[in-house]
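Chemist: If you want the building blocks of each chain, they are given just below.
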Amino acid sequence: MSLLELKNITKMYKDKSVLDNFSETMERGERIAIIGHSGCGKTTLLRIISGLIPPYEGELKINGKIVSGNGKVIVPPYKRNISMVFQDLALWPHLSVEENINFGLSIKIKNKNEIKRKTEEIAKQVGIENKLKEKPSTLSGGEKQRVALARALISNPDILLMDEPLSSLDTMLKLKILETILSLQRERRFLLIFVSHQFHEALTIGERFIIMEKGRVIKRGNRKEVKAYLESIEKRFKIETEKLSGGEK
Amino acid sequence: MEKKTVIYTFLGIFVLIGILPVVAMLLKSVLSKNGIDLSLYLNILSNKHQWTVFFNSFKLSITTTALSIAFGVLSAILFSKTNLPLKRLFTFIFSIPLFIPSYLNAVLWWEIMGKNGLMSKITTPSIAKICSHFYSGFSGSVFLMTITYSPIVMLLTMAYLNSINPSMEEAALLTSSWKRVLLKISIPIVKNGIIFAAMIVFLLSFGEFGIPVFMKYPVFPTESFTYFSAFYNFRLATALSTPVVFIILLVLLIEKKIAKQQTEITEYPNAKKPVINLKRSKIPVFTFILFSALMFYVLPILLLFIKSLPLTNLFHTLSDSLESVKNTITLGLIGAFSATITGFFIGYGISKNIIQKRESGDFFTLFTFAIPSTVSGIGLISLFNNGLTSFIYNSSLIVIAGFTAKYTLISNRITRIGINSIPPSMEEAAEIEGANWLYTLKKIILPLTKKQLMASFLICYVFCAREPELIMLTLPAGKDTLSVRLLNYMANGSESLIASLGIITLLISLVPVIPAMLLLKGEDL
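So the protein sequences, as listed, match chains B and E.
With our numbering, you'll find the first sequence wraps up at 249, consecutive numbering, no jumps.
With our numbering, you'll find the second sequence wraps up at 1525, consecutive numbering, no jumps.
Hints were generated in silico from the structure; no laboratory data involved.
Just so you know, these numbers come straight off a predicted model, no measurement behind them.
Possibly wrong hints are sitting among the right ones.
Within a straight-line C-alpha distance of at most 25 angstroms, the following computed DSS-like cross-link-like pairs (lysine-lysine) qualify [unchecked claim]:
no.: 1; chain 1: B; residue 1: LYS61; chain 2: B; residue 2: LYS72
no.: 2; chain 1: E; residue 1: LYS1191; chain 2: E; residue 2: LYS1115
no.: 3; chain 1: E; residue 1: LYS1352; chain 2: E; residue 2: LYS1451
no.: 4; chain 1: B; residue 1: LYS135; chain 2: E; residue 2: LYS1443
no.: 5; chain 1: E; residue 1: LYS1443; chain 2: B; residue 2: LYS108
no.: 6; chain 1: E; residue 1: LYS1184; chain 2: B; residue 2: LYS110
no.: 7; chain 1: E; residue 1: LYS1442; chain 2: B; residue 2: LYS108
no.: 8; chain 1: B; residue 1: LYS72; chain 2: E; residue 2: LYS1257
no.: 9; chain 1: B; residue 1: LYS112; chain 2: B; residue 2: LYS135
Given these sequences and hints, build the entire structure.
Modeler: Listed below in structure tokens is the structure:
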């Protein structure tokens, strides 16, 4: 039994298909990178997996149990043991870093000492243990990313969805955060679904790849296959730009 | 509880207390023991006096609207676009008349323009006579209503001007002068906002009661009020209210047609807005504005205060009116709370597309806001004066219902700015973390909209506290508020008593405006 099964998932917005017949099976401990330009349906797919929106058609199973189907969300997001890091991070500005991180945990667990211990533990793992009392607005971009990551991981999810979480960071910072994500994923063995429009970022984090365009999957494969495919596109792009510039160097 | 259930419950309550009373009133005016009876309407249509009253109402509203647009837009440009010093203070001073009972404005200006006012003491008898003559009937009503309602145009235009993307003006400034940029870019962009403000001013002037009563100028609201309270001719009062309802509907539809798309208010918090440098005109303009502020807004209050002296007189009036003060504050606070909560949930429903046909939600809150209090009062009595709902009719609940229906619009519009500024991902993140909607509401949405909720609560309170007509019509006998007491004293009280009661009313109405404005500092409504 697979951890996550997506069968013929389709999503329409006002008669326009944004996700077309998407099917895939994903296992615990895998790192899946979904690559594509903006508007290709990546974020919609994550929102369907998380249960924030229902699919128009198709069926979604987690641990063999149908959680979305027949155009409905059957199991609500919070009962799926899924976490998500949003593109804009969605940190609540009026809550401290600590309160942001343990927001969900404090609903599930009533023991304050336990909540405190778990918060400190995850904060230490992502490297923000000395920022717990601060408000998100006082943090740097990288620190905010770490808070969002800690919030997503504190309840030990089976699946972590990441929606272009590094798009606003510079290259060096990106590398550091990617390193943290990878080490935590290897340690905790959750299924990581990472969505990005930046090929290099996705190639660093993924081990299995899905390339999407206009709501459809146009390529699937491992790092080697996808890298070759992307390099061929890059090469074609280079030729075309050279033609446009009249061969100037 | 489900999100939809909560929102539709509040929407249901709003329809019950805001829309159904108007429907009940309309039905009562056409139904008699023998079935449908339109004789009242035929009588009104054939009555020359009613046509005069109708024409008066129109003339008054149109003139007030035109003048309010002229003054409001000009002051908005000065206070939001230029480098005029003390802009915030001037904005506050110019807004004062909006927040105090309209007939209190009439009392304030009586101290200057009235028979025994300041003008009679500092000018010749003939000039004083001209002033006193001007300060009555149509001209006096237009003058006062323009002072009272032009702040609406000013504040709304300021909000819309501030929400223009700065780069749009900067791009135009590369090739044109500020004058051209204002005429060709800024004003056309906020055109729909100005039309909206004009519509609000027209509707409020059409329903204005206090000023025409003071100026003895017959208009529709004063007519229906007189038929209701003096002659107790309920059916005729209702029939007289009906044209007002239809005119409001007509104006709302025309506005919708003209301004097809509402100007959205957007914030550009970090963008530096281009400013008109007044250069050499700065000192003359500042002097003119300072003089206007002192002359038109500060002086009348100062004169009223002087008349209310000595302080013992003021304290004596206060101790005599403690019950009215208590009623004003209690009804104001409960009314404001109820309107704020209702407006918040309806606003949330509209923002998040939970309320189907969101435009209707907006339309109805605007409709109940525009309905004159005399009409909504008669409507509430039509609906609740029966055996089943006598507990509402015989208690202050009917007043609270009236306040809620009328001022839900304010909270709906203000809190929506806060709700719209919360990225959807913040609620989604809470949902994924396991929070149900009520928990998300408590922990995320309410704290993040705290500022707008507080501001709309304070503004709703000010409007509830300044309201006399609804209270006069609906509050159980023996109870009154400061605004009602002041209106009664104006008919048969001494001048110093009226002055001291005026100052107390002013303080009770105006005090919350300062924290409200501070809370909304930098917020573009």
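Chemist: Tell me the numbers of any earlier hints that the structure contravenes, in ascending order.
Modeler: 2, 6 and 8
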